[in-house]
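Can you make the complete structure from the sequences, with help from the hints?
Quick note: to get this note's numbering, add 1333 to the position in the sequence shown (first position is 1).
Hints are supplied without guarantee of correctness; some may be wrong.
[Claimed, not checked] In the DSBU-like style, the derived pairs of lysine-lysine whose C-alpha atoms are separated by at most 35 Å in a straight line are:
| # | residue 1 | residue 2 |
| --- | --- | --- |
| 1 | K1434 | K1335 |
| 2 | K1480 | K1465 |
| 3 | K1335 | K1480 |
| 4 | K1465 | K1487 |
| 5 | K1434 | K1389 |
| 6 | K1335 | K1487 |
| 7 | K1487 | K1434 |
| 8 | K1465 | K1335 |
| 9 | K1487 | K1389 |
| 10 | K1389 | K1335 |
Derived from the structure by calculation, the hints contain no laboratory data.
This structure is a prediction, so every number in the text was calculated from the model and none was measured.
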Amino acid sequence: MKILVVEDDQITINLLTRALNAHNYTVNTAADGETALQLVQAYDYDLIILDVMIPKIDGITLCRVLRSGGSQMPILLVTALDSIRDRVQGLEAGADDYVVKPFNLPELIARIRALLRRGSATLSSTTLTWEKLQVNPDTTEVIYEEKVLHLTPKEYNLLELFLRNPRRIFSRGAILDRVWSAGEFP
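Here it is in structure tokens:
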């Protein structure tokens, strides 16, 4: 699963990137709304984590632009703005969820998983299986012939991609887009 984190605070970017990578998500980052819009237009993301107070294009405006363009990608607003008015404005702009900083990391990961489950009809918390292979997307545990396999994040993401799309053929570009971050090459 590929997530775009749009945040201008480097400490928060580092925290989110480490946490998401630990859960085998591929992460791209943008420090402003303009860069984020360019990335969304160039790559397919499963989710966007979006701060409201970012340079160039603010998060609320970016959310509206994405929704008016027909984007169905789940959007999670993560911001220090905590008034009811701010939350309503964010949700009315098209966000799927709204989390106030400082956030609890395990809760944020749970919200991300919930949004990803909702965002795709093919995504569920059930175990993915193929013959003697089992993959649990919630825990990222992989078992083959009753033995736990330890995969790198890229190996896990490739395996999950193929198991979720058993009859689909992917081009090299599609695999790169889904599993590798922008600017990263295999």
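Against the structure, the hints:
1. For the hint pairing K1434 with K1335, the CA-to-CA distance comes to about 22 Å; that is within 35 Å, so the pair holds.
2. Note on K1480 and K1465: the hinted pairing holds, with a Cα-Cα distance of about 10 Å set against a maximum of 35 Å.
3. Note on K1335 and K1480: the hinted pairing holds, with a Cα-Cα distance of about 27 Å set against a maximum of 35 Å.
4. Between the alpha carbons of K1465 and K1487 the distance comes to roughly 21 Å, so the proposed pair stays at or under 35 Å and holds.
5. Pair hint K1434 plus K1389 holds up; C-alpha atoms about 21 Å apart against a cutoff of 35 Å.
6. Simply put, K1335 and K1487 have alpha-carbon atoms about 11 Å apart, close enough for the 35 Å limit, and the pair holds.
7. With a C-alpha separation of about 30 Å, the suggested pairing of K1487 with K1434 holds against the 35 Å cut-off.
8. Between K1465 and K1335 the CA atoms are separated by roughly 27 Å; this keeps the pair inside 35 Å, and the hint holds.
9. For a cut-off of 35 Å, the pair hint linking K1487 to K1389 stands: about 33 Å separates their Cα positions.
10. Between K1389 and K1335, the direct Cα distance comes to roughly 24 Å. Compliance with the 35 Å bound is thereby established for this hinted pair.
Checked against the numbered hints given earlier, the structure satisfies every one of them.
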